[in-house]
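K.L.:
Could you build the full structure based on these sequences and the hints that come with them?
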Amino acid sequence: AGPARDRLDAFAKGMHSLTGRFSQTMSNANGDPGKTSTGTMALQAPRQFRWETTAPYKQTIVADGSRVWLYDPDLEQVTVRKQSSEEAQSPLTVLTDLSLLDKDFKVSEQGERDGLQWLRLTSTGKDPQFEYADLGFDAGGLARMVFRDQLGNTTRIDFAGWKRNADLPADTFTFVPPQGTDVIGDAPVLQTQPAK
Amino acid sequence: CATTRAPVRQPGDALTLGLQEQREKALGDTDHWTLEGRLSVSNGKDSGSGSLTWRQDGARYEFTVRAPVTGRSFRLTGGPDGAELEGLDGGPRRGPDAESLMASAVGWQIPMVELKRWVLGLRADGGAADIAFGADRLPSRIVQDGWTVDYKQWDAGRQPPMPSKVFAERAPYKVRLSIEDWTFGQ
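Protein chains in written order, with the numbering used here: chain Z, 110 to 305; chain X, 9 to 194.
Quick caveat, the hints were computed from the structure, so don't treat them as lab data. Note that beta-carbon positions come from the ideal geometry of N, C-alpha and C, so glycine has one too. Be a bit skeptical, because a hint or two may be false.
[Said to hold, decoys possible] Straight-line C-alpha distance at most 30 Å; calculated DSSO-like pairs for lysine-lysine:
#1 Z:167 x X:160
#2 X:182 x Z:167
#3 X:33 x Z:191
[Unchecked claim] Quick look at which bits of chain X chain Z covers, simulated, 3 or more residues with Cβ under 8 Å:
#4 44-57
#5 93-107
[To be verified] Computed from the model, here is a short list of chain Z residues facing chain X with C-beta under 10 Å:
#6 135
#7 181
#8 188
#9 265
#10 266
P.N.:
This is the structure we're talking about:
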């Protein structure tokens, strides 16, 4: 395999959980950079995921393995929907399940740029959400991701402070809507009587 | 976080209605602006949300919603000659106007024409509107065409003040905007 793939394999090998900080910048097709948001993220095999934006606004996304919860305090709303397989295969969750990589993506070395070794993932699915997802690696592992969608808009995410296989608090991948918040979508039916 | 006190909704009086008319005169033909923030649209069963960039250039508009995390985007563009929605599986879709296209393509009910006025804190043209005001003499609620539009927060630091949180509802539909940035002019 090539240099970037080697770094991916080394980074992802034996990894079942990952936490770190992100800085995400969305720019549009003619490249003028939009807003940057920062926060923390956590991943755990096989399909659990938390994306906590802390600035310039607050937003919490938790994929608990069966549902994806999105809480936006400014909008005073929680939306919840079944976690689709398409979400599970997003380029991010590939990190905790390398077998997904070669199943769902075509992978190609892009060489060195900005001091990182780059790997390009293009989806093999029928209606790919993205033109491509580029993963940039430094010695410490995945340093940057760039998604380019079908409208030419790009999202760049820089990562820092990786902790691999740290033991995570039990509620990292669970979400309970705050009292009195508007919840929309298919929340699990709360068990009224204890399961027999 | 700050305890949310009950919203003040005083019926209009000569003063507040007068101020509102002035606002509507001053901003009425402002049609070159860009709004940036976050949007959620729901029909009670499911919902779509993401960061929003809404650019209004005269009668033409570009309304881009980007999903969180991956930033996958949907773009609605158009003007008097029709509307186009791009970014959906299956490729671009076209329709006579934004409202009917959004309803047919994604099942979202967004009163785009009226929302263009409501987000500026103005009553939409035509059709009666009930309006109530807050202690700050700015609109706190507009009820029009079956929609209840609540102004939960204003950016009073601007001149004129601009809405920063607009929640519109016509059961079962909800359209909520948290506005981080306004830019006016070309």
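K.L.:
Each hint needs a verdict: does it hold in this structure or not?
P.N.:
Hint-by-hint comparison with the structure:
| no. | hint | result |
| --- | --- | --- |
| 1 | Z:167 x X:160 | holds (17 Å) |
| 2 | X:182 x Z:167 | holds (21 Å) |
| 3 | X:33 x Z:191 | violated (47 Å) |
| 4 | 44-57 | holds (count 9) |
| 5 | 93-107 | holds (count 4) |
| 6 | 135 | holds (5 Å) |
| 7 | 181 | holds (6 Å) |
| 8 | 188 | holds (4 Å) |
| 9 | 265 | holds (9 Å) |
| 10 | 266 | holds (8 Å) |
The structure does not agree with numbered hint 3 stated previously, though it agrees with all others.
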